[in-house]
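A.B. asks: Listed below are the residues making up each chain.
There are 2 protein chains.
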Amino acid sequence: MHTLGIINQRISANKFAPDTSLSHTVIEELVACATQAPSSFNQQHWRFVAITEPQDKERLKAVAYGQQKVIDAAVTFIVLGDLLAHTKLAETLGRSVKAGIIDQAVVDGMVGMAGQMYANPAAQRDEAIRSASLAAMTLMLAAEAKGLVSGPMIGFDPEGVKREFQISERYLPVMLLAVGYPAPGNWPRKVRLSVSEVLTYGTGESLA
Amino acid sequence: MHTLGIINQRISANKFAPDTSLSHTVIEELVACATQAPSSFNQQHWRFVAITEPQDKERLKAVAYGQQKVIDAAVTFIVLGDLLAHTKLAETLGRSVKAGIIDQAVVDGMVGMAGQMYANPAAQRDEAIRSASLAAMTLMLAAEAKGLVSGPMIGFDPEGVKREFQISERYLPVMLLAVGYPAPGNWPRKVRLSVSEVLTYGTGESLA
Numbered sequence: 000m001h002t003l004g005i006i007n008q009r010i011s012a013n014k015f016a017p018d019t020s021l022s023h024t025v026i027e028e029l030v031a032c033a034t035q036a037p038s039s040f041n042q043q044h045w046r047f048v049a050i051t052e053p054q055d056k057e058r059l060k061a062v063a064y065g066q067q068k069v070i071d072a073a074v075t076f077i078v079l080g081d082l083l084a085h086t087k088l089a090e091t092l093g094r095s096v097k098a099g100i101i102d103q104a105v106v107d108g109m110v111g112m113a114g115q116m117y118a119n120p121a122a123q124r125d126e127a128i129r130s131a132s133l134a135a136m137t138l139m140l141a142a143e144a145k146g147l148v149s150g151p152m153i154g155f156d157p158e159g160v161k162r163e164f165q166i167s168e169r170y171l172p173v174m175l176l177a178v179g180y181p182a183p184g185n186w187p188r189k190v191r192l193s194v195s196e197v198l199t200y201g202t203g204e205s206l207a
Numbered sequence: 000m001h002t003l004g005i006i007n008q009r010i011s012a013n014k015f016a017p018d019t020s021l022s023h024t025v026i027e028e029l030v031a032c033a034t035q036a037p038s039s040f041n042q043q044h045w046r047f048v049a050i051t052e053p054q055d056k057e058r059l060k061a062v063a064y065g066q067q068k069v070i071d072a073a074v075t076f077i078v079l080g081d082l083l084a085h086t087k088l089a090e091t092l093g094r095s096v097k098a099g100i101i102d103q104a105v106v107d108g109m110v111g112m113a114g115q116m117y118a119n120p121a122a123q124r125d126e127a128i129r130s131a132s133l134a135a136m137t138l139m140l141a142a143e144a145k146g147l148v149s150g151p152m153i154g155f156d157p158e159g160v161k162r163e164f165q166i167s168e169r170y171l172p173v174m175l176l177a178v179g180y181p182a183p184g185n186w187p188r189k190v191r192l193s194v195s196e197v198l199t200y201g202t203g204e205s206l207a
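Keeping their order, the protein sequence lines are chains A and B. The numbering of the first sequence is numbering that gives the first Met the number 0, which starts it at 0 and goes up by one. The numbering of the second sequence is numbering that gives the first Met the number 0, which starts it at 0 and goes up by one.
Among these hints, one or two may not hold up.
All copies of an identical chain are treated as equivalent in the list; a pair is satisfied when it fits inside any one copy or across any two copies.
EDC-like cross-link-like pairs, simulated, lysine to aspartate or glutamate; straight-line CA separation at most 20 Å [unchecked claim]: (1) K14 - E52; (2) K60 - E158; (3) K161 - E196; (4) K87 - D55.
Don't read these hints as lab results, they were simulated from the structure.
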C-alpha cells in the first residue's frame, strides 16, 4: 500500500488478538526494515529482544505494569539503544569501507568526531533514544504495511526489564513495541494538534 | 509507492540540489504526516520550524557547524520536542473527548499518570526526544514517498539554534532535518548490522 496511506491509517493498538503468532521470518523482515533507519554516523544503536513465548510474555507483563497487550500481541519487542555504540564505530563503519561506499579517511574522521560527541553519558543516552525511536517508527510502519498493528509502550520498569531478560548495562530500554493482529475495541486515532499549531516558518517565536 | 520499498530505498542525503524550493502546501503535507506518529498519552511533543529563506538558512548554517545542506536543501526543519507537553495534556486530550473517541474519565486518568511520570526533567527530555524522533522518521518516509530526499543532522549547537530562531526554553532541539531534491554525489546507504546481530529471542544475553 502507498506509504502516505499507511502513515495515515496506522493507529496505536491496545487490543490484540490473543493466541496468534508471527513466524520468525516475519519478525526478522520487520527488524530488517527497522535497521534501514538512519542514525548518527550510522552507529545503529538499535537492538531488539523479541518476546514471543507465553512464559516470557508473563515475565515481561510483570515488569510492564501488567499491560495485557504484552500477553495478547504475537510479539513484543524490547527496543534497546546501545549507550556505547560510538566505541564500536570503527568496526561498524569499516563494513562500508569494505563495500566501497566510503573511504577509510572518512571513517577516521567520523570516529574522531563521534568519540568527542559521545564521551558524555547524557549525549549517549539522547542518541540511544533518538536512534532506537527512528528504528521503532520504521518497524511500526513496516508492520502496518504487512497488515499488522502495533502498540508502543513507555509504561514499564526499565531496571526490571533489564534484569528479567539479561540485558547488560550498555543497553537502554527505549520502548516496548507490541506487534500482531488486532482484536475488537481499539480506539480510533486520537485527535492531533493541527499543522498550524505545530509548524512555524523562520522563527519559533509563535510556538505556544 | 509501497511502504516497504520506500523504507528500503531511502538514504540520508548529504547533497541537495541548490536553488530549489517546496511550496508551503507540500511542507504542510509533510508535517501533517509527521503528526500522525504516536506519542506517550498522545502528548504530541513535536514542533517544527521550517527554514526556507536564504537569510534564515545562513543563520542556521552558522549554528550547524557550517553544513552546506542547510543552504542547499529546499527546507530544513528544526525539529523540536516540548519538554512540558504533559502540562497541556488535559487540553490536548480534551479534543479526543469532544470527538467522541475517549471519555473524560480516561483523560483524567491519563493526566494523573502523565503528571507523575513527567514531573522529572530527565523523563521530560527522554520523552521529547522519543516523540520528536518518531515524528521525524514519519516525515522522512513521507518525503521519500513524495519523491524527495531527506538528511537528518545532530551536528548543531542547540543553544545557538534556540537563540537565533527565538525558540523558548520549553522546546528541546532534537534534530535538524533537511528535505528537498538530491544533487549528484550522495553515498549509497551505508552497510547495516545484520538482523542476527541486532535481534535476539527471549533474552538479551547474547547481544554484543
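A.B. asks: Each hint should be assessed against the structure and marked as holding or not.
C.D. replies: Okay, the hints, checked on the actual structure:
1. K14 - E52: within (18 Å within a copy, 46 Å between copies)
2. K60 - E158: Classified as within; 14 Å inside a copy, 40 Å across copies.
3. K161 - E196: Between copies only: 18 Å across chains, 38 Å inside a chain, cut-off 20 Å.
4. K87 - D55: neither (30 Å within a copy, 37 Å between copies)
Checked against the numbered hints above, the structure violates only hint 4.
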